[in-house]
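Participant: Residues per chain are reported as follows:
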Amino acid sequence: MTNFFKSSEPLDLNEHTLIIPGVSVGNVPQFSVDLLITTFDLKKVATIWHPGIVSSVGNDPFTPDSTEICTACELYSNKESKISAIQLRSTLEFKLVKNFIEDLKSALGGFKLKKIVILASGFDYELHTVSSNKFFYVSNDGVDKLMKDNGVKALENDANEKYYIHGDGFGCILFSILSEKFKTTILVKYVSEGDNIPDAFSMFEKLCRIIDLKFSMESIQIPYSWKNVFGGPPPLGIF
Amino acid sequence: MLFGEIVEPSTRALIYDEEEYPNYTKVEPVWDGDSTLKNINTLLFIESNKITTLIKKFVIGDEKPIKKLNNGGLKVYNFAGDKYIVLVEEQTTYCNGEIIEILKDWISNAKSVYTVTSDSISSYQNNDMHEKPEVVLRSLTNKSNTLGCINLEIPNLVTGLGASVLSYCKHFDLSCELFVVYMDNSPLDSRNTGPVLEMVKKMGFSVLFVDPKHRFISGAKIPTMSSNLYI
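In order, the protein sequences belong to chains A and B. Here the working numbering runs 360 ahead of the position in the first sequence, where the first position is 1. Here the working numbering runs 29 ahead of the position in the second sequence, where the first position is 1.
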C-alpha cells in the first residue's frame with residue numbers, strides 16, 4: 361500500500377530501533393509506549409493511514425491546550441537516540457489484521473531498521489508457575505544472553521511449533537510476519553486486568569534495559585492524558 | 030453462573046485473541062446509480078441515530094437520495110446543486126476504513142468536508158465540569174476552525190466514520206471539521222437540537238420549518254393533542 365506513512369519531512373528510520381505495541385490485556389504495551397514517548401521526548405514524525413485501523417481522533421494527548429489532533433496510529437521518533445515507536449490508540453479491524461501487518465512490513469522495508477521490538481501482554485492466570493518474574497520473549501535476533509541477564513525467559517511454543525499468548529491480540533501474528541524480514545523480538549508480560557500503570561512502568565523499565573536506553577526512575581515523565589485514565593471528577597449530585 | 034464454574038477474566042483492551050486471522054477479500058461496492066459526484070462544494074457526513082433522525086426531519090425532509098450504496102448503508106442527498114449530505118445507517122459489509130477507500134475521490138474533490146456524530150453525555154470527560162449540561166457541542170479539525178466551535182478537550186476521543194474521515198484528511202493534508210454532540214437520553218427537543226441545527230445552517234444547508242403540532246421521541250412521530258384538558 362502506498363502512502364502508508366505520511367510526513368512533512370523525509371522519514372529517516374535507518375539504524376533505528378522500532379517499538380510496536382500490541383493491543384493486549386490491560387493496554388500495557390500502549391501505556392509503555394506512552395511512557396517511552398514522553399520520557400525520551402519522541403516527536404511525532406508521521407501519520408499512518410490504513411483502512412484496517414479502527415479510527416479514533418482527539419487532541420494531542422501529550423500537550424495540554426494543543427489544537428493539533430492525534431489519530432489512532434502515528435509514528436514517533438527521536439533522531440539522536442535512534443528510537444522510533446508506532447503508537448496505536450485503538451485496534452485493527454479483524455478482517456484486515458493480516459493485510460495491515462503485510463502493508464506495514466512492506467512500508468518498513470524501505471528503511472534499514474536496526475531491529476523491531478513488539479510489546480505484548482497476556483492473561484497471567486495462564487501461567488502454570490506463579491512467580492514474581494512474568495516477562496517472556498521470542499526473538500530471531502540472537503538475544504538469549506541479553507534476555508537471561510535481564511531475567512526474561514524464553515517463551516515455549518506449543519505442539520504445533522506455534523507461539524500462542526492468551527490475551528495478546530495480534531501480537532504473535534505481528535511477530536511472525538515482521539520476523540520474516542527484520543530482526544524482531546516480542547517482549548511479553550503476563551498481567552491481570554485492573555490498574556495496569558505499574559505493569560506499564562515495569563515493561564518500560566525492561567524495554568529500556570533490553571534496547572540499552574539509559575534512564576532513572578525519577579526521569580520518567582507521565583503523559584498528560586493519564587490524568588483521566590479512571591474518568592473525570594464525580595458529579596456533585598452524589599454527595 | 031453455576032457453582033464451580035470457571036469464569037475467565039475479560040479485558041477492556043479491544044482484542045480478538047484468535048490464533049488465525051483471515052486473508053482479506055475485497056467486496057465490490059454495489060451502487061444504485063453510478064458512483065461519481067461532480068462539483069462538490071460541501072460534503073457533510075452524518076452518523077449516529079440521534080443526529081440521523083434530526084437531519085432527516087429538519088434538513089432532508091422529503092428529498093430523495095440521489096445515490097445509494099446498497100451493500101454499505103449509505104445514502105447521498107443533494108442540495109443547491111453542490112452541497113451533499115452522506116447519511117450513514119447501520120451496515121455490516123464494510124468497516125469504516127473500507128468506506129473511506131470507496132469514497133476517497135469525493136473527499137479529495139470536496140472544498141469543505143464536515144462530519145457530525147453524537148455520543149452520550151456520560152462519556153464526555155471534563156475536569157472542570159462537575160455538572161454536565163444537556164448538550165455539549167465540540168469540534169476537532171486539522172486545519173482552521175471555520176464555525177467557531179470549542180475544541181474537544183483531552184482525553185476525549187471520537188470514533189466511527191467521522192473519525193475515519195478526519196484521520197484520512199489529516200493524513201492526506203485535506204481540510205475537514207468534525208463535530209461531536211454529547212447529549213443525554215432525553216427526547217429530541219428545541220433545547221438539545223438547537224445547537225446542531227444552528228451549526229448545520231452555518232454550513233450552508235437550509236433548515237426546514239417544523240409543524241409545531243408534531244414532536245419527536247426517539248425518532249417516532251407523536252402528534253400532540255389539540256388541548257391539554259386531559260393531561
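Just so you know, the hints here were simulated from the structure itself, not pulled from any lab data. Careful, some of the hints might be misleading.
[As the list claims (entries may be wrong)] In silico contact screen, one side only, chain A against chain B (beta carbon under 10 Å); selected entries:
1. 363
2. 370
3. 371
4. 450
5. 457
6. 485
7. 488
8. 489
9. 526
10. 558
11. 561
12. 582
13. 584
14. 586
15. 588
[As the list claims (entries may be wrong)] Here are the simulated DSS-like cross-link-like pairs (lysine-lysine), alpha carbons at most 30 Å apart as the crow flies:
16. A:465 <-> B:55
17. B:97 <-> A:587
18. A:455 <-> B:96
19. B:230 <-> B:86
20. B:85 <-> A:458
21. A:366 <-> B:172
22. A:404 <-> B:86
23. B:55 <-> A:366
24. A:587 <-> B:161
25. B:140 <-> A:458
26. B:133 <-> A:455
27. A:404 <-> B:133
28. B:172 <-> A:439
29. B:140 <-> A:366
30. B:93 <-> B:161
31. A:522 <-> B:96
32. A:587 <-> A:566
33. B:133 <-> A:403
34. B:55 <-> A:455
35. B:97 <-> A:465
36. A:465 <-> A:587
37. B:55 <-> A:541
38. A:366 <-> B:230
39. B:67 <-> A:366
40. A:403 <-> A:566
Values in this document were obtained by computation on a predicted structure and should not be read as measured data. Glycine included, every Cβ here is placed at the ideal spot set by N, Cα and C.
Participant: The structure should be examined with respect to each hint, and the outcome stated for every one.
Facilitator: Cross-check of the supplied hints:
1. 363: holds (7 Å)
2. 370: violated (16 Å)
3. 371: violated (14 Å)
4. 450: This interface hint holds because 7 Å falls under the 10 Å limit.
5. 457: Holds. Min distance 4 Å.
6. 485: holds (7 Å)
7. 488: violated (15 Å)
8. 489: violated (19 Å)
9. 526: Status holds, d = 7 Å.
10. 558: violated (16 Å)
11. 561: violated (18 Å)
12. 582: violated (13 Å)
13. 584: holds (7 Å)
14. 586: Given a least distance of 8 Å, the restraint on residue 586 of chain A holds.
15. 588: With Cβ-Cβ at 4 Å, under 10 Å, it holds.
16. A:465 <-> B:55: holds (20 Å)
17. B:97 <-> A:587: violated (44 Å)
18. A:455 <-> B:96: OK: residue 455 of chain A and residue 96 of chain B at ~27 Å, within 30 Å.
19. B:230 <-> B:86: At roughly 14 Å apart (the allowed maximum being 30 Å), residue 86 of chain B and residue 230 of chain B satisfy the hint.
20. B:85 <-> A:458: violated (38 Å)
21. A:366 <-> B:172: holds (16 Å)
22. A:404 <-> B:86: violated (43 Å)
23. B:55 <-> A:366: Since the Cα atoms of residue 55 of chain B and residue 366 of chain A sit roughly 24 Å apart, the hinted pair holds (cutoff 30 Å).
24. A:587 <-> B:161: holds (19 Å)
25. B:140 <-> A:458: Outside the cut-off at roughly 35 Å; violated.
26. B:133 <-> A:455: holds (20 Å)
27. A:404 <-> B:133: Holds. Residue 404 of chain A to residue 133 of chain B sits at ~25 Å (cutoff 30 Å).
28. B:172 <-> A:439: Holds, because 27 Å separates the two Cα atoms, which is no more than 30 Å.
29. B:140 <-> A:366: holds (22 Å)
30. B:93 <-> B:161: With a Cα-Cα distance of about 38 Å, the restraint between residue 93 of chain B and residue 161 of chain B is violated, given a limit of 30 Å.
31. A:522 <-> B:96: violated (48 Å)
32. A:587 <-> A:566: It holds: about 24 Å lies between the C-alpha atoms, which stays within 30 Å.
33. B:133 <-> A:403: Measuring from Cα to Cα gives roughly 29 Å; hence the hint holds.
34. B:55 <-> A:455: Holds, because 10 Å separates the two Cα atoms, which is no more than 30 Å.
35. B:97 <-> A:465: Given that 30 Å is the threshold and the Cα spacing comes to 36 Å, the pair is violated.
36. A:465 <-> A:587: violated (34 Å)
37. B:55 <-> A:541: It holds: about 26 Å lies between the C-alpha atoms, which stays within 30 Å.
38. A:366 <-> B:230: Roughly 34 Å between the alpha carbons, so the hint for residue 366 of chain A and residue 230 of chain B is violated.
39. B:67 <-> A:366: Roughly 27 Å between the alpha carbons, so the hint for residue 67 of chain B and residue 366 of chain A holds.
40. A:403 <-> A:566: holds (22 Å)
Going through the hint list in order, the structure does not satisfy hints 2, 3, 7, 8, 10, 11, 12, 17, 20, 22, 25, 30, 31, 35, 36, 38.
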